[in-house]
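**Student:** Make the full structure from the sequences, and use the hints.
For reference, each letter of the sequence shown is one residue, going -23 to -1, 1 to 396 in mature numbering (1 follows the signal peptide of the UniProt record, and there is no 0).
Mixed in with the good hints, there may be bad ones.
[Stated by the list, open to error] Restraint ranges, calculated between C-beta atoms of paired labels, are given here:
1) G254 / P160: 49 to 57 Å
2) T181 / Y51: 40 to 48 Å
3) S70 / G270: 38 to 46 Å
4) N235 / P160: 24 to 32 Å
5) C298 / I58: 43 to 51 Å
6) Q302 / N256: 15 to 23 Å
7) I117 / T158: 35 to 43 Å
Honestly, the hints are just simulated from the structure, not real lab data.
Heads up, the beta-carbon is just placed ideally off N, CA and C, and yes, glycines get one too.
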Amino acid sequence: MQSRNGGVWWVVTVFLMVVGGSSKSTIEPCSNSERCSSLVAYKLYTELKVSEVASLFNVDPIALLTANSIDISYPDVENHILPSRYSLRVPLSCSCQDGIFKSTSTLYKTRPGDTLSFISDTLYSRLVSSDQINDANHDIIHDVLPVATTLSIPLPCTCFNGTDNNLPAIYMAYVVSPLDTLPLIASSHSTTITDLMNVNALATPAISDGDILAIPLSACASDFPTYASDFSLSIPNGSYAITASHCVQCSCGPGSRNLYCIPASLAVSCSSMQCRGSNLMLGNSTMQQTSAGCNVTSCSYGGFVNGSIVTTLSTSLRPRCPGPQQFPPLVEPPTKLGPESIFAPAPAPMEGGGARIPGTSVVPSSGMGVAFPPANAPSGFGLATGASDASSLVNPVTKYPFLFVLGFSFTFVSLHFLF
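**Tutor:** Below is the structure:
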C-alpha cells in the first residue's frame, strides 16, 4: 500500500509465468464502478491498415489516429498501411472488473490456425498472457481454437484517480523490450525514474523483458458532469481527440493542462455549438484590456449529454491577456520505420512531423469494412525471448546503424593512413 495524490491506493505486482522465466505486471485493485481513459503501447507484428489495428482493439480508427497525433485530414487515412514494428498508443476505456482495473471491451474472433499463445504473444504484442485469455474465457483448453470463436481479451490498464503527483495524467500499459532500461523509458515518456518506480511499486530500477509497466503521461482532463457520455475524457499532452459523435475536437496543447475544444468537421449533423446569451461559438473568446487586467469571455465545451453538445459561457479577469491557443503538432501517417523506432520506446506524440492545426480535418472514409490482420502472418512469434520473424525482414543497416557507422569510420581512417 502506498500514499499517493492525497489518497491511498494499492499496487500489486503480479508475476506472470512465461517461457524461460517470469514477467511482472502492475495492476490496480478497485472496489467501485470507477472508469477512466487509458492507453496501451502496441507494436505492430506486421504491416497493418489503420482500420485493421482499430478492429483488433475494437476502437474507432479516428480515435486511434488522434491518440498518436496523426493528421486525419489525409485522404482515405483509415486505409493507410502502417509499417511493421511501428509503435502506436491505443486508447481504451479502463474500468473496475472482478476487483481490478482492466479493459474488457476488446473482442477477437479466431481464425484458422490461431492458438492462445499466438494471439497473446503476436497479435496483441504480449500485452496479455495466454493464461489471462484462458481465464477470461472460462478455461479454453484447445491447442488449436475453433474458427470464429469470439474471445474476450483482458488488456491491462490503471487509473490511479487520473492523476500523477496531484496533476492530471493518463496511464499507459507498456511492455518492456530486451533493450529497454528504466532511465530510457522515463526519458522517452517525459517522466522520472522515481515516479516510474513509485507507480509500479519497484524496489529497484531493474526491469526485465516482458514486464508490463504503467507509465504516467501528463494530460488534460475534463471536468464534465458524470452523466455526460464523455465525462472521463482525458487527453495526453501533445495530442487530441474527437468526441460528441465526431462533432467536437479537443486538444491538449504542448505544456498545457487545460482542454481546448472547437467544432470538428467529421459529422454531417451536429447540435448547436453557440453559447447561450452570446454570439460566441464553441472555442471562441473575446478579450478586453482594462486598467485592472484583461477581461476574458470564453465559450467552452461542457460534455455530450443525451445527444446534445453542452456549452458553457465564462468570464474571468486575468492579469494579462492570453496569447493564441497552442495546438499539438501533427504528424503525417507513417510509411516507414526509422532506425530509432526499432530500439527505443514509442516516442512522445509531439516528436517528428511538422505542425498542422487540427481544425481543418476533412471527413475520412466512413466505411467500416475492416479486415482482420493477414491470416498468413508469422506464427510462433518469439517475443518472449526478444526474437521475431519480422526482425529478419529489416534491412541490416537500418537494424544495426551503429555497425554501419563503425565500419565506415574504420574504412575512412584506413584510407587516411594510406594516403
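**Student:** So, for every hint listed, does it hold in this structure?
**Tutor:** Right, here's what the structure says about each hint:
no.	hint	verdict
1	G254 / P160: 49 to 57 Å	53 Å, holds
2	T181 / Y51: 40 to 48 Å	45 Å, holds
3	S70 / G270: 38 to 46 Å	41 Å, holds
4	N235 / P160: 24 to 32 Å	30 Å, holds
5	C298 / I58: 43 to 51 Å	46 Å, holds
6	Q302 / N256: 15 to 23 Å	19 Å, holds
7	I117 / T158: 35 to 43 Å	36 Å, holds
Against the hints set out earlier in the document, no violation occurs for any number.
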